[in-house]
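*Asks:* Here the sequence shown stands for residues 7 to 301, where the numbers follow our numbering.
Watch out, some of these pointers could steer you wrong.
Okay, the calculated beta carbon distance ranges per label pair [unchecked claim]:
(1) L163 to S188: 25 to 33 angstroms
(2) V59 to V182: 30 to 38 angstroms
(3) V182 to L288: 17 to 25 angstroms
(4) Q57 to R196: 13 to 21 angstroms
(5) P94 to V182: 33 to 41 angstroms
(6) G142 to D95: 53 to 61 angstroms
No wet-lab data here; the hints were simulated from the structure. Even glycine gets a Cβ: it sits at the ideal position worked out from N, Cα and C.
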Amino acid sequence: MEILINAVTLGSLYLLFALGMSVAWGTIGILNFAHGSTFMFSAMVAYFVVQTVALPMWAMVLLGAAVGTVLSVLTQALVFNLILRRNPDLLKAEMQIVVGGIGTASVLLAIAQHYTKSVPFGFSASTFKVATYQLGPVHISNVQLVILVAALGLAGLAAWWLKSARAGLALRAIGVNPEVASLMGVDRSRMALGTMAAAGALAGIAGVLLTYYLGSIAAETGDSFLISAFAAIILGGIGSVAGVVTGSMILALAETLVVTQLSGTWASAVAFGLIFVVLLFLPRGIFGRKEVRRT
């Protein structure tokens, strides 16, 4: 039973991390390979702040979200927008966007490695204290409860917003047909900035919560999480909230079972194996649309 709790916790972290990345990819067509570094960098900034001022968990989460938002907006404005101005055809600019994201990630990683000396960092100076509760035969920590509630609440909010809010419907319209959406008065550049801001906030929240959950993370943690997020998105289907939830939980359960029976070195192999199997039998993922976007 505790294996299942751990798997759901890990799946919830994957969900928080991958949700914004999936929505951005499925609507505005941006596959942001700097997402993992944004996730890690947000936690690192929170770490340096808490070394100076002891903060509770909720303040650390808000700080991580703020840093993630700023980083993602800057990446969109200074990297992706410049690429798209030179080459407005999103399909033709796709590889340039990928390279731009990788370049941004490399810069953030180098900065993090310099300031942390590649030593893992955590939030031991935070006023939040980890506690464990026993529910029958199951042990669950307050950190796990926060992660589960945050993932469930934010995923539910995202699903409602995309299906019911006017801005959410406009964003989905961009993903289906950007030309028609533009004729209807939808500002793609503005929606792209908003989408990237939300994605960055979710990445920052995930980075802070993962650090609390594991006790510490390293500058390179974002890269491994990016691989897992990519696998979860492919599994569930690009741009689908239900798909990200499903893909994250399937991947987390598979990784937890494999790590329990074998070792942690097999986690990446599981992710790539699931990507291969899904692409072989379900090329668009479990909940993938026939057309994710058009240019």
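*Asks:* Kindly indicate which numbered hints from before are broken by the structure, ordering the numbers from low to high.
*Replies:* Numbers 2, 4, 5, in rising order.
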